[in-house]
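The whole structure should be built from the sequences, with the hints applied where relevant.
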Amino acid sequence: MSAPPSLNPAQLEAVHYLQGPCLVLAGAGSGKTRVITHKIARLLQAGYEPGQIAAITFTNKASEEMRERAKGLVGPRAAKQLVISTFHSLGVRLLRSDGARLGLKDKFSILDSDDVLGILRDAGSTTDAKLARSWQWTISLWKNQGFNSDQAEAAAQNDNERVAARVMRLYEERLAAYQAVDFDDLISQPLKLLQRDAEVRAKWQDTLRYVLVDEYQDTNAVQYELLKVLVGERAMFTAVGDDDQSIYGWRGATIENLKRLPQEYPQLKVIPLEQNYRSTGSILRAANNVIAANPKIFEKKLWSEYGDGEPVRLVECDNEEHEAERAVARIQSIRGGATTQAPAEWSDFALLYRANHQARVLEQALRKANIPYKVSGGQSFFDRAEIKDLCGWLRLLVNNDDDPAFLRAVTTPKRGIGHQTLGQLGEFSAKWKVSLFEALFADSLSTAVSARAIGSLHEFGRYVNDLEYRFRHTVGAEAAKPVLMEWLKEIGYEQHLYDGEENEKAAANRWQNVMDFIDWIARRCGGELETEGGVTSETERKSVLDVAQTISVILSLAERGGDPNVVTLSTLHASKGLEWPHVVLMGVNEGLLPFKSDDEEMTAHRLEEERRLMYVGITRARQTLAVSTLKRRKKGREFVQGIPSRFIHEMKLDEKTMKEDPREKLKALRAEFAKRAAQAKVA
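Going by our numbering, the residue at position 610 of the sequence shown is 610; the numbering climbs one at a time, nothing skipped.
Honestly, the hints are just simulated from the structure, not real lab data.
Careful: at least some of the hints might be erroneous.
Using C-beta positions, here's what the derived DEER-type ranges look like [what the hints assert, rightly or not]: (1) G492 <-> K71: 48 to 54 Å; (2) K203 <-> A41: 23 to 29 Å; (3) Q263 <-> E638: 48 to 54 Å; (4) T550 <-> K489: 33 to 39 Å; (5) A46 <-> E540: 55 to 61 Å; (6) P644 <-> E173: 50 to 56 Å; (7) L268 <-> E173: 37 to 43 Å; (8) R606 <-> R162: 22 to 28 Å; (9) A355 <-> H649: 17 to 23 Å; (10) R606 <-> Y498: 35 to 41 Å; (11) K431 <-> T550: 33 to 39 Å; (12) E638 <-> V483: 48 to 54 Å; (13) R96 <-> E264: 28 to 34 Å; (14) D499 <-> W250: 27 to 33 Å.
Subject to a maximum C-alpha distance of 30 Å in a straight line, what follows is the list of computed DSSO-like cross-link-like pairs (lysine-lysine) [to be verified]: (15) K296 <-> K259; (16) K80 <-> K203; (17) K105 <-> K300; (18) K71 <-> K228; (19) K388 <-> K433; (20) K300 <-> K259; (21) K269 <-> K300; (22) K374 <-> K61; (23) K652 <-> K631; (24) K481 <-> K388; (25) K259 <-> K228.
Cβ coordinates follow ideal geometry from the N, Cα and C atoms, glycine included.
Written out as structure tokens, the structure reads:
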């Protein structure tokens with residue numbers, strides 16, 4: 001199954017409509033990226049310059065795919081000039097250009113999640129990481145609604161939120177002093193800039209004369225307002241989205257943005273894309289039946305020309321282990337050609353689930369069967385906070401002008417240099433347009449920072465320079481490890497980990513990660529003997545600083561992954577935008593999907609979003625779909641009765657064909673094994 005050779009009538013209408021605001025209701029698998037890229041080509045034909053067209057997505061991967069597709073339609077030169085970016089990349093672009101109007105220096109720092117957590121713990125005077133993370137989550141939601149600390153305090157509904165609002169005020173003060181922004185600020189600060197500064201607003205409205213927005217249903221309140229001010233009264237934009245796939249309410253996205261469009265833009269042209277180029281008729285019928293139970297903002301019903309295909313199967317399992325075994329058997333059966341389906345690769349299969357904890361037993365079953373797999377969205381070793389701490393130090397040694405690395409190193413572990421001193425240092429560096437590290441040794445720093453604080457800063461600066469010298473002159477694995485261990489002891493990193501964790505086991509696990517990292521760096525320093533093809537040779541010897549200089553390459557290797565021909569394990573949220581020939585939805589039971597904790601009320605709004613999540617899961621499948629349920633499931637340390645999800649009933653599956661018969665499956669597998677044995681004899 002592939003994209004259509006030409007645009008269908010609805011796609012053509014969406015591409016050619018340039019008279020005003022346009023909403024393209026792009027159902028799952030309906031070719032929305034194709035429409036966006038063809039519309040870019042149409043805009044160029046209509047006289048727009050490439051740099052006047054902005055296409056905004058939610059992920060870097062989607063941006064890269066869109067640019068590649070656009071390149072094939074408009075050529076590499078025009079594609080390079082198009083503004084194709086994520087919301088956050090566009091925010092960086094605006095702030096790098098005009099952030100000085102908000103008091104930001106040119107090289108302001110962008111803090112990652114762990115940097116933010118450290119500042120919040122300091123601002124809230126707590127060592128409780130769990131509490132600081134709750135503040136981080138709450139503050140992020142407030143920022144996504146466009147609230148500052150005063151508005152957050154006014155909106156706070158309980159004591160916990162009132163405390164979070166007070167911490168937010170201190171956090172905002174520290175960000176301003178450090179000349180830093182967090183991820184949420186990359187949307188809220190450009191919005192503030194455009195709303196307050198008429199000159200900058202006019203500049204960007206004139207620069208970006210047509211805006212296309214992908215996955216519009218995933219926008220939050222601040223993103224909506226940013227788009228609104230960017231397009232201005234001219235309102236030349238196309239929003240592409242699907243109200244049936246709005247599944248990110250928990251992180252601030254709001255389906256209300258779709259409802260607001262026709263209200264705020266009465267001339268809005270609405271064009272539904274209903275022809276699906278991904279799934280068979282039986283899969284789409286199940287999807288349409290489920291989503292029909294939700295109230296509709298806009299009417300839409302998916303259809304395809306691929307015929308009914310295999311019926312959607314219901315797989316009833318005794319418990320999680322049995323469910324994992326049956327999922328593995330299904331993969332082996334289809335892959336071996338023991339069904340009506342053509343033989344498949346491992347990468348043709350996905351096991352999708354509602355909650356991360358469901359992956360554990362699936363991983364065990366796949367490993368037992370020697371089936372290669374990957375956990376989509378799983379945490380990389382290099383994403384762990386303790387590894388990022390040490391990488392921050394290494395980055396600073398390699399590039400003293402790396403301000404985020406400086407902030408991480410100078411505060412992790414704490415060195416008696418407080419936020420007030422760092423704030424003064426940040427203001428000084430912004431004034432003189434130098435990096436934070438360079439500012440340490442400026443002769444005039446005494447005009448901004450006290451003599452005592454300067455002493456602490458100079459001590460840190462001298463230590464960094466001394467460490468850089470030692471790492472530069474430490475060559476080979478044998479010499480590297482003692483020097484690296486000495487460094488950890490000097491900065492007190494092991495004690496820092498134990499002080500920051502609630503229990504010794506968690507701290508010990510993190511320290512073991514650090515030891516693995518140190519061993520890994522030492523090995524990369526080389527000098528060890530390796531034997532290959534009967535020939536023994538010594539690996540290339542490098543200094544610790546040489547290895548530190550490749551840290552960006554190291555991180556990219558960690559993210560790149562290995563063999564692409566593997567079964568995918570993924571949460572339903574992480575699966576959005578992806579597709580596979582064969583999909584199994586795991587644990588489709590009440591309490592799991594729809595998800596509900598004991599102390600949580602299942603509101604109508606929550607149930608609607610969970611139903612949309614089920615719809616997303618169903619529409620990931622191209623050729624076959626199985627829905628797996630548990631007769632009993634584990635809850636904590638106990639087993640409870642498993643109740644099939646209400647969504648299974650809503651799918652309205654054919655009673656005669658929906659239940660997968662284990663006896664038929666076993667018969668097919670035996671036939672396949674017999675066929676392979678016969679082939680082996682002939683060979």
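Here is how each hint holds up against the structure:
1. Taken as a hint, the range 48 to 54 Å holds for the pair G492 and K71, whose Cβ atoms sit roughly 51 Å apart.
2. A hinted range of 23 to 29 Å for the beta carbons of K203 and A41 is consistent with their spacing of about 26 Å.
3. For the hinted restraint 48 to 54 Å between Q263 and E638, the CB-CB distance of approximately 49 Å keeps it satisfied.
4. A hinted range of 33 to 39 Å for the beta carbons of T550 and K489 is inconsistent with their spacing of about 25 Å.
5. Restraint check, A46 to E540: a C-beta distance of roughly 56 Å satisfies the suggested window 55 to 61 Å.
6. Look at P644 against E173: about 52 Å separates their beta carbons, and that is inside 50 to 56 Å.
7. Between L268 and E173 the C-beta distance comes to about 42 Å, which sits within the given range of 37 to 43 Å.
8. Checked against the hint of 22 to 28 Å, the pair R606 and R162 passes, with Cβ atoms roughly 25 Å apart.
9. The hinted range of 17 to 23 Å is satisfied by A355 and H649, whose Cβ atoms lie roughly 22 Å apart.
10. Checked against the hint of 35 to 41 Å, the C-beta distance between R606 and Y498 comes to roughly 39 Å, which is consistent with it.
11. Roughly 34 Å separates the CB atoms of K431 and T550, a value that falls within the hinted 33 to 39 Å.
12. The hinted range of 48 to 54 Å is satisfied by E638 and V483, whose Cβ atoms lie roughly 51 Å apart.
13. The supplied range of 28 to 34 Å is met by R96 and E264, whose beta-carbon atoms lie about 30 Å from each other.
14. Taken as a hint, the range 27 to 33 Å holds for the pair D499 and W250, whose Cβ atoms sit roughly 32 Å apart.
15. A distance of roughly 10 Å separates the Cα atoms of K296 and K259; the hinted pair therefore holds under the 30 Å criterion.
16. At most 30 Å may separate the alpha-carbon atoms for a hinted pair to count; K80 and K203 meet this at roughly 21 Å.
17. For the given pair, K105 sits about 48 Å from K300 by alpha-carbon distance, which is inconsistent with the 30 Å threshold.
18. With a CA separation close to 28 Å, the supplied pair K71 and K228 stays within the 30 Å bound.
19. With a CA separation close to 27 Å, the supplied pair K388 and K433 stays within the 30 Å bound.
20. A hinted pair counts as satisfied when its Cα atoms are at most 30 Å apart, and K300 with K259 qualifies at roughly 15 Å.
21. For a cut-off of 30 Å, the pair hint linking K269 to K300 stands: about 15 Å separates their Cα positions.
22. In summary, the hint linking K374 to K61 is supported, as the alpha carbons are separated by about 18 Å, within the 30 Å threshold.
23. Our distance criterion of 30 Å between C-alpha atoms is met by K652 and K631, whose separation comes to about 20 Å.
24. About 19 Å separates the Cα atoms of K481 and K388, which keeps this hinted pair within 30 Å; it holds.
25. As the CA atoms of K259 and K228 are separated by approximately 14 Å, the hinted pair is consistent with the 30 Å bound.
When the structure is compared with the earlier hints, violations turn up for hints 4, 17 and for no others.
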